[in-house]
Amino acid sequence: MMTASNAETGGVAIYGSATLMHHMTATTVTTTTSAATSTSATTTTTSTTTSTAWVAGVKSSVHPAALLPDPGFFEGAEKLLEISFYGNGSADGLRAVKRSVWEDALKLVRCEIVSHLPNEHVDAYVLRCAGRRQIARSIEFRVF
Amino acid sequence: MDFCYSVPLPSESSLFVFPTKVILKTCGTTTLLHGVDRLLAIAAECGLNHVAHVFYSRKNFLEPRRQVQPHGSFKQETRTLLERFPTGGAHIFGNLTGDHWCVFVAELPPPAVPATVATGKALLAPHTQPDHTLEVRLRALTAFPGGASGR
Numbered sequence: 000m001m002t003a004s005n006a007e008t009g010g011v012a013i014y015g016s017a018t019l020m021h022h023m024t025a026t027t028v029t030t031t032t033s034a035a036t037s038t039s040a041t042t043t044t045t046s047t048t049t050s051t052a053w054v055a056g057v058k059s060s061v062h063p064a065a066l067l068p069d070p071g072f073f074e075g076a077e078k079l080l081e082i083s084f085y086g087n088g089s090a091d092g093l094r095a096v097k098r099s100v101w102e103d104a105l106k107l108v109r110c111e112i113v114s115h116l117p118n119e120h121v122d123a124y125v126l127r128c129a130g131r132r133q134i135a136r137s138i139e140f141r142v143f
Numbered sequence: 000m001d002f003c004y005s006v007p008l009p010s011e012s013s014l015f016v017f018p019t020k021v022i023l024k025t026c027g028t029t030t031l032l033h034g035v036d037r038l039l040a041i042a043a044e045c046g047l048n049h050v051a052h053v054f055y056s057r058k059n060f061l062e063p064r065r066q067v068q069p070h071g072s073f074k075q076e077t078r079t080l081l082e083r084f085p086t087g088g089a090h091i092f093g094n095l096t097g098d099h100w101c102v103f104v105a106e107l108p109p110p111a112v113p114a115t116v117a118t119g120k121a122l123l124a125p126h127t128q129p130d131h132t133l134e135v136r137l138r139a140l141t142a143f144p145g146g147a148s149g150r
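Protein chains in written order, with numbering that gives the first Met the number 0: chain A, 0 to 143; chain B, 0 to 150.
Bear in mind the hints are in silico, worked out from the structure with no lab data behind them.
Do not rely on the hints blindly, as some may be mistaken.
[Stated by the list, open to error] Simulated crosslink set (DSBU-like; lysine-lysine; CA at most 30 Å straight-line): (1) 58/B with 74/B; (2) 120/B with 97/A; (3) 106/A with 58/B; (4) 74/B with 106/A.
For clarity, every value in this text was computed on a predicted model and none was experimentally measured.
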């Protein structure tokens, strides 16, 4: 069969399986075959295959539809909620709330606290999301 | 007051607790809005009975089908927020067929100032400094040794 992938295309897979062949255009098949035998044809192959939207970016020789149940997928987009309050109470306000109370509340959100970093203005808690190992790195971020 | 904070920003989720403000940021399939009622209850126990400002935002999800309701769609999320903050409004910024941001904002007026404040208590209000948020999104991170790979 044809080459499994082309390094120069940066992840554009060349589909080699006969069962997947029908997803490809005749043009793609033709130029792919030439890429397997001639490096000079590589550039041509790239432009041809990336013109098929679902081919671009796929790094394995599997049809994109088969990638959907990917157990390793993680939704990186973050949900952000900010709420500020008026009130009448201790000057510490929400900072008087114990860690255990936040831990309990965060169960509803499917997060858990992994560390607590207080300073004079704010209590910062690092959380671990549901179904994800902690990326044990952080960057210093200064807000003016 | 000088509002200059230096906090370590984790790569993922975090909770920031100020005297009159909470910022909660979560990723993955977390159920952020399931925690709103508890958050309001915790604040009320601290004497913070009046919401001043609500801001909910997220980028469009890559795979919304994996989310737990109401996070499966911004319409559902908006409905959940409007039940609690009926004066709020939902906005979407950006390309609806590409990258876009979903934002819900509610601004509520301050409550009437009480005639007397109990001993040991203080009137609490959110700070009035303009709020600016900088979000940096990274893609295709290389894997950390021994850690989960970025996506």
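These are the hints, each one checked on the structure:
Among the hinted pairs, residue 58/B with residue 74/B is consistent with the structure: their alpha-carbon atoms are about 14 Å apart, no more than 30 Å. This hinted pair checks out: residue 120/B and residue 97/A have alpha carbons roughly 19 Å apart, not beyond 30 Å. A hinted pair counts as satisfied when its Cα atoms are at most 30 Å apart, and residue 106/A with residue 58/B qualifies at roughly 23 Å. For the hint linking residue 74/B to residue 106/A, the alpha-carbon distance of about 24 Å falls within 30 Å, and the restraint holds.
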